[in-house]
Each structure stands twice: as structure tokens, then as C-alpha cells.
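Colleague: Chains A and B are the protein sequences, given in the same order. If you read the first sequence in our numbering, its first letter stands for residue 1, the second for the next number, and so on. If you read the second sequence in our numbering, its first letter stands for residue 1, the second for the next number, and so on.
A portion of the hints provided could be inaccurate.
All copies of an identical chain are treated as equivalent in the list; a pair is satisfied when it fits inside any one copy or across any two copies.
[Stated by the list, open to error] SDA-like mimics (lysine to any residue), calculated; alpha carbons at most 20 Å apart, straight line: (1) K304 to D218; (2) K335 to E287; (3) K304 to D320; (4) K340 to F126; (5) K91 to S46; (6) K248 to G26; (7) K322 to E302; (8) K322 to E287; (9) K61 to D277; (10) K322 to S305.
If you are wondering where the hints come from, they were derived from the structure by calculation, not from laboratory data.
What follows is the residue order along each chain.
There are 2 protein chains.
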Amino acid sequence: MAGGVGSRFWPMSTPECPKQFIDVLGVGKTLLQLTVDRFAGCVPQSNIWVVTSASYFGNVKEQLPFVADDHILLEPCMRNTAPCIAYVTWKIRKLCPDAVMVVSAADHIVVDTAEFKRVAKQSLDFVAHHNNILTLGMIPNRPETGYGYIKSVEKFDGNPIRIAEFKEKPDHDTAVKYIEEGNYYWNAGIFFWNMATITKALRDNAPDIADVFDSVNDDLFTTREQEVIDRIYPNCRNISIDYAVMEKADDALVLPASFGWSDLGTWGSLHTQLNHDDCDNSFVGGEIRFIESTNCIVRMPEGKSVVIQGLDGYIVAENDNKLLICRLEDEQRIKEFSSKLDKKPH
Amino acid sequence: MAGGVGSRFWPMSTPECPKQFIDVLGVGKTLLQLTVDRFAGCVPQSNIWVVTSASYFGNVKEQLPFVADDHILLEPCMRNTAPCIAYVTWKIRKLCPDAVMVVSAADHIVVDTAEFKRVAKQSLDFVAHHNNILTLGMIPNRPETGYGYIKSVEKFDGNPIRIAEFKEKPDHDTAVKYIEEGNYYWNAGIFFWNMATITKALRDNAPDIADVFDSVNDDLFTTREQEVIDRIYPNCRNISIDYAVMEKADDALVLPASFGWSDLGTWGSLHTQLNHDDCDNSFVGGEIRFIESTNCIVRMPEGKSVVIQGLDGYIVAENDNKLLICRLEDEQRIKEFSSKLDKKPH
Numbered sequence: 001m002a003g004g005v006g007s008r009f010w011p012m013s014t015p016e017c018p019k020q021f022i023d024v025l026g027v028g029k030t031l032l033q034l035t036v037d038r039f040a041g042c043v044p045q046s047n048i049w050v051v052t053s054a055s056y057f058g059n060v061k062e063q064l065p066f067v068a069d070d071h072i073l074l075e076p077c078m079r080n081t082a083p084c085i086a087y088v089t090w091k092i093r094k095l096c097p098d099a100v101m102v103v104s105a106a107d108h109i110v111v112d113t114a115e116f117k118r119v120a121k122q123s124l125d126f127v128a129h130h131n132n133i134l135t136l137g138m139i140p141n142r143p144e145t146g147y148g149y150i151k152s153v154e155k156f157d158g159n160p161i162r163i164a165e166f167k168e169k170p171d172h173d174t175a176v177k178y179i180e181e182g183n184y185y186w187n188a189g190i191f192f193w194n195m196a197t198i199t200k201a202l203r204d205n206a207p208d209i210a211d212v213f214d215s216v217n218d219d220l221f222t223t224r225e226q227e228v229i230d231r232i233y234p235n236c237r238n239i240s241i242d243y244a245v246m247e248k249a250d251d252a253l254v255l256p257a258s259f260g261w262s263d264l265g266t267w268g269s270l271h272t273q274l275n276h277d278d279c280d281n282s283f284v285g286g287e288i289r290f291i292e293s294t295n296c297i298v299r300m301p302e303g304k305s306v307v308i309q310g311l312d313g314y315i316v317a318e319n320d321n322k323l324l325i326c327r328l329e330d331e332q333r334i335k336e337f338s339s340k341l342d343k344k345p346h
Numbered sequence: 001m002a003g004g005v006g007s008r009f010w011p012m013s014t015p016e017c018p019k020q021f022i023d024v025l026g027v028g029k030t031l032l033q034l035t036v037d038r039f040a041g042c043v044p045q046s047n048i049w050v051v052t053s054a055s056y057f058g059n060v061k062e063q064l065p066f067v068a069d070d071h072i073l074l075e076p077c078m079r080n081t082a083p084c085i086a087y088v089t090w091k092i093r094k095l096c097p098d099a100v101m102v103v104s105a106a107d108h109i110v111v112d113t114a115e116f117k118r119v120a121k122q123s124l125d126f127v128a129h130h131n132n133i134l135t136l137g138m139i140p141n142r143p144e145t146g147y148g149y150i151k152s153v154e155k156f157d158g159n160p161i162r163i164a165e166f167k168e169k170p171d172h173d174t175a176v177k178y179i180e181e182g183n184y185y186w187n188a189g190i191f192f193w194n195m196a197t198i199t200k201a202l203r204d205n206a207p208d209i210a211d212v213f214d215s216v217n218d219d220l221f222t223t224r225e226q227e228v229i230d231r232i233y234p235n236c237r238n239i240s241i242d243y244a245v246m247e248k249a250d251d252a253l254v255l256p257a258s259f260g261w262s263d264l265g266t267w268g269s270l271h272t273q274l275n276h277d278d279c280d281n282s283f284v285g286g287e288i289r290f291i292e293s294t295n296c297i298v299r300m301p302e303g304k305s306v307v308i309q310g311l312d313g314y315i316v317a318e319n320d321n322k323l324l325i326c327r328l329e330d331e332q333r334i335k336e337f338s339s340k341l342d343k344k345p346h
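Only chain A is shown next, with the shape it has when bound in the complex (with noise of 0.2 Å):
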């Protein structure tokens, strides 16, 4: 899924370029292909499929090339996740109704990749025997609040165990509880199940959207398959997986799981992803020097030089001939900052 326009992460992440078509991390390869190369080994270069905006489809083919054309769908507008999958789990099904799957956001980063290619075989291997819905529960590290929570019903022993309850991103004294309570897990959002779990799922929890795509499944592989999808795409209902079938689902299952896992969604969640000097500065690109600044975070083109003083908890990214500096304690509000730029709707 790289269809996301990143506006938290103005001005690196732009509607032009969003954030999974960057290089995030400044480790030569964007976030993109960082998702892809960590399928290695798991999943076939000729399986992946990348459901993205139709203005994206530049940036896709670029970034990766061996990806075929028909493997790249064409969103017209953006319907949030349940309607993205029901679009690929169509066409998938289609193809090879027996497959098995794998769903992932493509602006995630993973530190640990043997783990996680390791966590992910199992979860294949599991999906392709048993017909469960199967999604990833990151063993929390930290109280954080930015994350949903997944509330697993036993004890984690290895295996996928049953989901009780998902939980909206909590308060830090709630959060707290979460951990000490230890059945708690982040919702990362990568899903394992096979073509009939999850095509019963979204008939079952989300009709209107199966529906959708049953209308038009003869139009998949033809000639008509674009225009046919931007007509009855923007009728399918806004709503992410997690609403629409997730929560529902009696057999979901949670695999327990620690590979350094984060959304990326923030520029402090990028911050606590970084090497950090010892006044907890970081930075991406560039050459930065820090006088007497802390806890910083600093996001430049390749050959820029910078010098920040006297700076105490800011963002300071530039990118595209945009240049941000704000409080990072007030990072939710860059979507407005970025607006009084830039009035196009991001």
C-alpha cells in the first residue's frame, strides 16, 4: 500500500512525492523499496503488488522497475485500506484463488530484517493452513501513544494467538497499563491471510465493498479495468481494514512480534529512529553542525551545509526549496503550517 500523501512529514513528504517515495532514513534506498527489499526471500519479486494513487505511478515504475505495469494499481482517489485491498485482493483471487498474501503499508521502516522475514515466513506458512486473519502485534518497548493497541486473549507462546480487543491509540497513563498488563501489542498493520479468509471477511463485514468489486470482477485483466475502477472507485466506502473488517472478525488472530518495528508517521517518531549525538540531535543528508542545540532533528538535501545554534526541541527539513523550521513538540500542526505555504488540498 503506497498510496499515502504524508503530510505530517511536510516539507520532506510532499503531495507530489510523499514519504514512502523517499529516501526517509538517507540509507540510499526509500522507503519504498526499503519495504520490498524486506520481503526477500519470502515473497517473489514477480508476486509484490503496489496499490498506489494514480499520480504515483511514475514514482512506482522508478523506484521499482521490475515491477510490471498490471502488478501497479491505479487508485483515482483515496479510500483509506479496506477498499485498496478488497481492489487487490480481487485481482489477486483471480488469478490464483488458492494464493496466500501479505499486506503492508509502504512508508514502515524494520531495523531487524532477519527477524522480520523470519516472523513473516511463519505468518505465510500459517495463512496458507489455516483460514484466519492473521496481523502482526509489535511487542511494545515504551508507553507510546501513538500507536493503536491490540489486546491478544492468552499469553503469547510463539504462535498466533486469539485478538480480544483493539484498542485506539491510549493516554500515557493507559498506555502504561498496557504494558504492565503484557497482553498489549502496536497495531502495525501488516496483515497475512489466504484468498478465501479474506474474501469471506469483506463479504461478511464489509458488503457494500465486496460488492463493489464483485460488480465489476469481468472488467479485472481487461482493457476496461482502469476506467471501470476510477468510475466505482470513489463510490466505496472511506474506512481502513481495521474498521471495516478487523474488528469485527471472530477468527483474528495476532502474532506477537519484535523486529524494530515504526510507522514513521511523525517526524519525532523518525527522530527516535536515528543515531543520536549527546545532545540528542539527529539528522538526515547534509552536513550539520550543532552549537549548543538539543534534541533536534534535521532533514537536508545532500550537499547543504548547516549550522543551527541555540536551538532547544526543533524541526528543521528542507526539501524541493521548502524549508520548515518548527517546535517538534508542535509537530501535528505542520499540515497547517505547510498550508499557509501551499493552498492546494493535501
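Chain B: place on chain A using the hints.
Modeller: Positioned in the frame of chain A, the structure of chain B alone reads:
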């Protein structure tokens, strides 16, 4: 005089292109061009002489294409203003021994150019008929501690008056007293004299420097000139015209004037010259949005879009792919800040 390196204005001003060659005010002309422009009607273009560093010849030719090559005097090294003025004096007096001359820095600004012209004409006329050194004294409108002061003997009556004493940059309380006493003026370093007067003043007060140029007088306006200057110029004492001549001369006069002058010595002085928004922010270049920010000065390249949130009292300046963010109150340390990136001597 266009030889300064403007290190306190980094990164707008760089050793390769110091501030006299930059459109500091964002008006479409560089400080050098504005300086020449304000003499229009007082000094024929063909009588303009520029003394600068050898490395800035190209900058001067590009910005003042009408100035002949032999009116651009190239210092092989920096020796402050006394040798600079002696050099151009010896040149002009050889061509025209009864010339009158005005000396000005190329990196100052004047807001009221009409009044400047009136004062310049009065001064040129005065030194055409009097053998005095004449310097302009800026009538102070605030107890500025960043300038030296000239104390006059008499009160100002519209004509040049005798100088009692030169005063170094004062502390705030002293500056307040100067303003109250009413016969103190900012030393703007704008001099008027005829050839006989400045030649005699240099011979009397800085005979070592006069001797250097006497020794090469025969080489001026020959093909040997630059080679000879390159050899002897480094031997000149490194001293300002103020110390070498002005403070020693008995017959120096000051003409008080008021035309919105600033030496633009620092970011702070530029900040005071620019238009401010309601929160005392100012900027040159770019498209700047201030949010919850006060008393900031921002200098950006054209075409750059910037959002600044939550900053109070900062300089944010970019030039030549270098970005500086630092406290305005720490601007005296900019040379130190820039040296963290660039090991070249400034």
C-alpha cells in the same frame, strides 16, 4: 572601497562573494551598485574608482561594467583603509593633481539618497575651496553602541565644524550621554578632500605609507603597476585611515548629516533597516511565513518557501547551499559558527 570580506554576514556573505557584491536588501541591486548609484549627479561615472581585492575583479566588472579596468585597483592583500586610500590617492593625483575626492565604503546603505546627494555636493564644493579633511558625521537617532562617534567642538549650524575628538564604540550609558550632549555624531567613514590635503595629511601622519607610494609613483599607469603593487603593498602598515590620519589631523572637520545611513555591519543592523511585520520579523528574498515567531531576520534565496514557527530572536539565512540558524544575540560569533563548516581563513 570594496575589499571587505563581510565575515559577520555569513552565509549571505562569503569569501567568494562578500556583502558589497550582494543584493542584501532585496531591491535588485547589490550594495556596490547602490553605492555608485547614490553618487549619480555628484560624480561622473568615468571618475569612479574601485579599490578591491584582486580576487574580486570579476565581481566589480560584472556589476559595474562601465568602470574601466584601470579604475579598478587591486589589492594583493588586505591592509585596512589607510593603504587603500593612499593607493587611489597617488593614482588620482598623478592624473589630476587638483581633483577633489570622496571616499566611501561599498557596503553601507543610505535610505535618503536625495539628502545624501545634497550633502555630497556641499562637501565636494567645500573641499574644492578648503584644505581641510572633511568627514560626514551621522546625526544619531538612538544610543547606538555599534558605531564609533565623532565629537565636534562647535554646535552644528549647517556647515562643517571642527572635530574635538574621535570616540571608540561606547557602552550604552555613554552612548546615551553622547546623544544628550548633542555634539556627537556617528563616524560613517565617508571622507572628502582635495589632493593636496590628503597627500599632505598622509605624508605628515603616516609617512611610512606615503613613502611606499612615492617609491612606486613612476610605475603607476604603466604595465609594471600591478606587479609593483603586488610586491610593495604587503609592506604597508595594516591600519585604518581613522587611526593613521583622522585622529591626528588638526584641521579635520565634520559635517553632520542625516540620510538614513547604516554600515550594515551585522545581521542586527540589517534587521533594523528592513520593514518589520507586527511581530518584529523581517526578511529579504523568498516567500516567508512566520508563525508564533518574533524578532527574527530571515534571508533566503529567491524562489525559496519557508515556514518558521516558534522562533524568537533568530537569524535564519541561506546562501550558496549553506544555511545558518542562530540566535540574533549571538551574531558576533558568526565567524566562529561558519568556521565549524569551512576551514578556509575568513
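Colleague: Run every hint past the structure and note whether it holds.
Modeller: Tested hints:
no.: 1; hint: K304 to D218; in the structure: neither (52 Å within a copy, 50 Å between copies)
no.: 2; hint: K335 to E287; in the structure: between (27 Å within a copy, 18 Å between copies)
no.: 3; hint: K304 to D320; in the structure: both (13 Å within a copy, 9 Å between copies)
no.: 4; hint: K340 to F126; in the structure: neither (49 Å within a copy, 55 Å between copies)
no.: 5; hint: K91 to S46; in the structure: within (14 Å within a copy, 79 Å between copies)
no.: 6; hint: K248 to G26; in the structure: neither (39 Å within a copy, 61 Å between copies)
no.: 7; hint: K322 to E302; in the structure: both (14 Å within a copy, 11 Å between copies)
no.: 8; hint: K322 to E287; in the structure: both (18 Å within a copy, 9 Å between copies)
no.: 9; hint: K61 to D277; in the structure: neither (37 Å within a copy, 46 Å between copies)
no.: 10; hint: K322 to S305; in the structure: both (16 Å within a copy, 5 Å between copies)
When the structure is compared with the earlier hints, violations turn up for hints 1, 4, 6 and 9 and for no others.
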